[in-house]
Each structure stands twice: as structure tokens, then as C-alpha cells.
Amino acid sequence: MTSTEEHQSVVGPHRYRNAEKMIRTADPVWQAAADHGLTGIRVDTPSGDSNNRLLDRATGREFVNMCSCAYLGLNHHPAVIEGAMSALREAGATWLVTSTTRIRHQLLARLEEELGDLFGAQVLPGTTCSALTAGILPLVASGHLAPGGPRVMVFDRFCHFCMSYVKPICAEESLVLTCDHNDLDYLEDVCRRYPSVAYVADGAYSMGGAAALDGLLELQDRYGLFLFIDDSHSLSLVGERGEGFVRSRLAMNPLTVIVTSLGKGFGTGGGVAMLGDPAMYDFLARHAGPVGWSQNMALPLVGASLASAAIHRSPELGQLQRRLQENVAYFDELLPTSFAGNGLPVRRITVGDTDRAVRLSAELYQRGFYSSAVFFPIVPQGQAGLRIMIRADIDREVLATFADHVRELTDAA
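Position 199 of the sequence shown, counted from 1, bears residue number 199 in the UniProt record's numbering, the numbering being contiguous throughout.
These are computed hints drawn from the structure, not numbers from a lab. Do not rely on the hints blindly, as some may be mistaken.
As the list claims (entries may be wrong) - The following label-pair restraints were derived from C-beta to C-beta distances:
id: 1; residue 1: G148; residue 2: A93; range: 20 to 28 Å
id: 2; residue 1: Q319; residue 2: I103; range: 38 to 46 Å
id: 3; residue 1: A93; residue 2: E240; range: 16 to 24 Å
id: 4; residue 1: H36; residue 2: T401; range: 19 to 27 Å
id: 5; residue 1: I41; residue 2: R110; range: 34 to 42 Å
id: 6; residue 1: P13; residue 2: I41; range: 35 to 43 Å
id: 7; residue 1: E113; residue 2: A251; range: 18 to 26 Å
id: 8; residue 1: P377; residue 2: D35; range: 19 to 27 Å
Just so it is clear, the structure is predicted and the values come from calculations on it, not from any experiment. Glycine is no exception: its CB is placed at the ideal position from the N, C-alpha and C atoms.
Required output: the full structure, derived from the provided sequences and hints.
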């Protein structure tokens, strides 16, 4: 056997991932972003600025971060910071460093109860939303979370990387398919052909847009479709108690799991899964891998989350949500995009060419605004551009100035 034949005999089939192709395509663009000073920026956080400006340690440049997911500004709320410090003082430790399946700190147990009541669902915490996803999705595929046996797994083409990353593991349990974004016709056809199907998607997508939730609920009602949805980019922003885009529009049921990060709109860190069946809790604690490992949520984050939950029960949440919605609507007036009017805070300005996207990001950074260039595999090839996150804690004058710079630079190009 030749060396080439030997190599081919051990190379994977690349059914669900192809690292060689992805890195060959994407890494030169990442390197270009690095060459323009757009990666690895070390910053200080000057206090007292409502627009959350940052200071580049290397250049001394002060800039506004236009790609922060802290949509309500709760990450620097005084009560949230005090909550983290109070928990650290009360516990006298950063965490227990033991499996939460066996031992859990009473602060963590209290957080589970608080968030369960707040969001109206049994809540399972995890060190990150990604860890919850990695632990739970294979058990959806194997058929252990609902009747019907192993489920055919249909991943939305635009679902977040943390979910697509688990495709090969799910494929060890059941058939894995990928559908075009929000393609309900394809999904219904799969439901007709197979008796047990799960759909894996975002609620509010990290690159903009949202799931076709009404149609998904119809398919769930008609075919028993299992829904596994990551709604990290709408938690706290939508719903009377900040329960998010998906939870605020459906009644929890045994065929639904919503995973979400506490590190975005909620303002703290870690993640939770909202479970449609309370019986899932103990089962997942035992069998969902990283969910029960010893690197659980650090106690300062637990304390910060308890403080954020208190804000979610107060009139302040509604005030922050309204401020965010006003800023989103104002930005849509200034720079209309294909996502204008959807009420969610993620916007994308598509320029097409990857080099142009990196140059545009670099030019805006020179003018005091950091907005991340996005390119394959973050977005499909040919759709490179800028991703922008609108926040409640940013002044209209700053949004207007940013929009002026974007128009000037894109018109010139």
C-alpha cells in the first residue's frame, strides 16, 4: 500500500465536518483580520461610560464595542456585580469542584428554583450553553428524552456551530440530516417519512433572523416533532420576565428543550436548559456528560445570576427592554437591512467579499468602532460582512455616528 493509499484509509468520511477544507478556506481570512489588528485586542474597561467604551492597551485607542452580546447592559449593572461578590463571600470558595450530580451548592440549587419559577420550566444549569448542548443532543438522537425510539435529527443549516459540532456524535445514534434555513416543507417531508424526528435550530439566530416558530409548532402538534432550540440571543430581551423569543411563544411540553446562555442579555455567565418534562432533570444530570462533570457554574456567576433574576422580576427589566427596542428601531431607520423590523438586536451588513469585509471592519476601528467582520464558516461563502449587536446601554448619538461612518465607507467602496 502506498503512503497516499494509507492516508486515504484513515481519513474520515467528512459526512458532517471537514476541518481541512474549513481551515484552508477560513484561516487566511482570520490571518488578514489579525494583520489589521482586529483579533486578540487587549483592553481596559474605563468606568462611568454608558456606552461601554473600551481602551486598546497597545494603541491607546478608545472605541465603542458594536459586537457585544450584553444587549441590556446587565453585565456591568451594580446589583449584578454585587451579587457575584456576595456569593463569593458567602460561599468562601469559587466553586465546589465536584460533580453536581453528586453534590450541589445550595446557591446553585436556589438559582435553579429562581430561574425555574421565572421562566416557567424545569431548569437544568450547566457551565456553558455549549456544554449543555453537547450533553443533551446525543440523548435526543438516541431517543431517551421522549417516546418513539431514536430520532432522525434534522439540523437547520444556519444553526449555531455548538449544535452542528455535535452532528458526528448524534450520527452514532441515528440518521442526521441538514435542511435549508427554515425549510418547513423539507422538514414536513422528513416527518412524513420517519416516525420519530427532532429539529435542531436557533430561536433568535446569532447572525440575525429567527426560527419559523409558528410552523414548527404546527409540525410538532401534527407529527410529534421534537424541538431542540438554542435561544441564547433572545433571553432577557423578549417576554414579560425575559423568558426569550421561543419560551414566550410556546407552552413547555415533553417534546421541547430550550437551551440558552446566561452570558448575553442576562448579563452573567453559564447556561441553562429549559426542560419540557421535569423527569428529564435527574436523567440528564446522570447521563448528559458535561452537564454533570465537575467544571460546573462558578459560584460568583451563580450569585450574579441570582441578582439578575431579581432585576428580571422588577419594572427595570421592562424599561431596559423598551430602551433596547427603541435603539433597534432607530438603527433600522439609519441602516436598513434584511432583518429590519424583526425586533431582535442582531444586524448584519453584507458586503459579499471577505477582504472587503475585513477592510471595512478595520476602517471602522480606526474611527473608534469595533464591529466584527464575519465570513465563512461563520456565514455562507459570498455573504461576508459585518455583524452588529444593538444594545440598550448605547446612546442614539453614538448609533447615528456609527451609521454615518458605515454609509460613508460602503458608498466609497
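Looking back at the hints listed earlier, which ones does the structure fail to meet?
-> 1 and 3
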